[in-house]
Amino acid sequence: MKLGEVREVLGARVLTGEDLADREVKAAFAADLLSDVLAMVREEGVLLITGTVTTQVVRVAEVMNLAGVVFVRGKLPAKPVVDYAAAAGIPLLATPHTMYEACGLLYNRGLPPAKRKLLPYEHDQSGSPAS
Amino acid sequence: MISPAPLRHREIFPVVGLDLERAGLVSTEVQRVLRRLGVEPEAVRRAGIVCFEGEMNMVLYTPGGRIILLVYDDRVELIFSDRGAGIPDVELARQPGYSTAPDWARELGFGSGMGIPNMEANSDHLEIRSRLGEGTVIRAVILRRKDETRSGSTHS
Ligand SMILES: Nc1ncnc2c1ncn2[C@@H]1O[C@H](COP(=O)(O)OP(=O)(O)OP(=O)(O)O)[C@@H](O)[C@H]1O
Ligand SMILES: [Mg+2]
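Chains as they are written, first to last, in the working numbering: chain A, 1 to 131; chain B, 132 to 287.
A couple of the hints might just be wrong.
To be verified - Result set (DSSO-like, lysine-lysine): computed pairs, CA atoms no more than 27 Å apart in a straight line:
1) A:Lys26 <-> B:Lys277
2) A:Lys75 <-> A:Lys2
3) B:Lys277 <-> A:Lys2
4) A:Lys26 <-> A:Lys117
5) A:Lys2 <-> A:Lys26
6) A:Lys115 <-> A:Lys26
7) A:Lys2 <-> A:Lys79
8) A:Lys117 <-> B:Lys277
9) A:Lys2 <-> A:Lys117
Simulated from the structure, these hints should not be mistaken for lab results.
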């Protein structure tokens, strides 16, 4: 799914990255905990759906090469965060939908969930976690 | 883990404790440097994640310190050293879920006790040395796997 379609499905506002509407989003992951994003997402090109609006969200998106970030529940990051994202080339969208609604809408449209890394203590349950 | 591969690049990045505005900047800079040096994308990604977790811990739990980046032909090394209070029980800190993060760190989206386990998951070797009252040194080794090109661009 393209970023432009994500915007449309969620009725989202583009905070930065208007020019990246054609960027392909491979899958999505939703979390407020950045710790979980860092520890569990293993692909690149993933869309992050979150209610956390700090600068660190953008840094995590950068480090993990995410396709973009959607802020839910009408939450908006401060201007320096948006400016930083613009400079880093990370598109930011904002929607009034709750996280549950936003996920449901995108899932319905066929955007697949990001594959999750198993946690260290899950390994024995189903063999090898990745690659 | 002694390898004869020559050192290609060495750089030191200072980290300021509790400076949340800048927390994470070193990691993005480290990735830029690695990309510029032609390090394989998978190693750049893993090093970036390891660096971010180490950097965040330094910002959240210590007055600061530095991150040393060493790039060899066969591996990337990151050495985190801080002047913090130290980690009382390193084995415990390596366990997923163990966290002493204060509420304000949790409100920022951190503190699920996954950072050090994630550093281990994304490196090939992780050493932690800590002294109470003096600080902590963490050394992470990320091996460069030349055959592991994710884009599959094979040239003969
Ligand atoms: N450099 C450090 N100095 C002192 N204590 C540390 C340091 N790094 C980690 N710790 C301690 O180890 C605990 C576990 O760290 P870890 O990074 O695994 O989890 P976290 O930071 O609590 O949460 P997360 O990383 O998932 O956001 C921390 O809560 C803290 O008590
Ligand atoms: Mg941590």
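Hint check:
A distance of roughly 25 Å separates the Cα atoms of Lys26 (chain A) and Lys277 (chain B); the hinted pair therefore holds under the 27 Å criterion. Proximity of Lys75 (chain A) to Lys2 (chain A) is assessed by CA-CA distance (about 23 Å); at most 27 Å being required, the pair is judged to hold. Restraint check for Lys277 (chain B) and Lys2 (chain A): not satisfied, since their Cα atoms lie roughly 31 Å apart, outside the 27 Å limit. Taken as a hint, the Lys26 (chain A) and Lys117 (chain A) pair is honoured in the structure, with Cα atoms around 16 Å apart against an allowance of 27 Å.
A distance of roughly 9 Å separates the Cα atoms of Lys2 (chain A) and Lys26 (chain A); the hinted pair therefore holds under the 27 Å criterion. At roughly 11 Å between alpha-carbon atoms, Lys115 (chain A) and Lys26 (chain A) fall within 27 Å of each other, so this suggested pair holds. A distance of roughly 25 Å separates the Cα atoms of Lys2 (chain A) and Lys79 (chain A); the hinted pair therefore holds under the 27 Å criterion. For the hint pairing Lys117 (chain A) with Lys277 (chain B), the CA-to-CA distance comes to about 23 Å; that is within 27 Å, so the pair holds.
For a cut-off of 27 Å, the pair hint linking Lys2 (chain A) to Lys117 (chain A) stands: about 24 Å separates their Cα positions.
The structure shown violates just one earlier hint, number 3.
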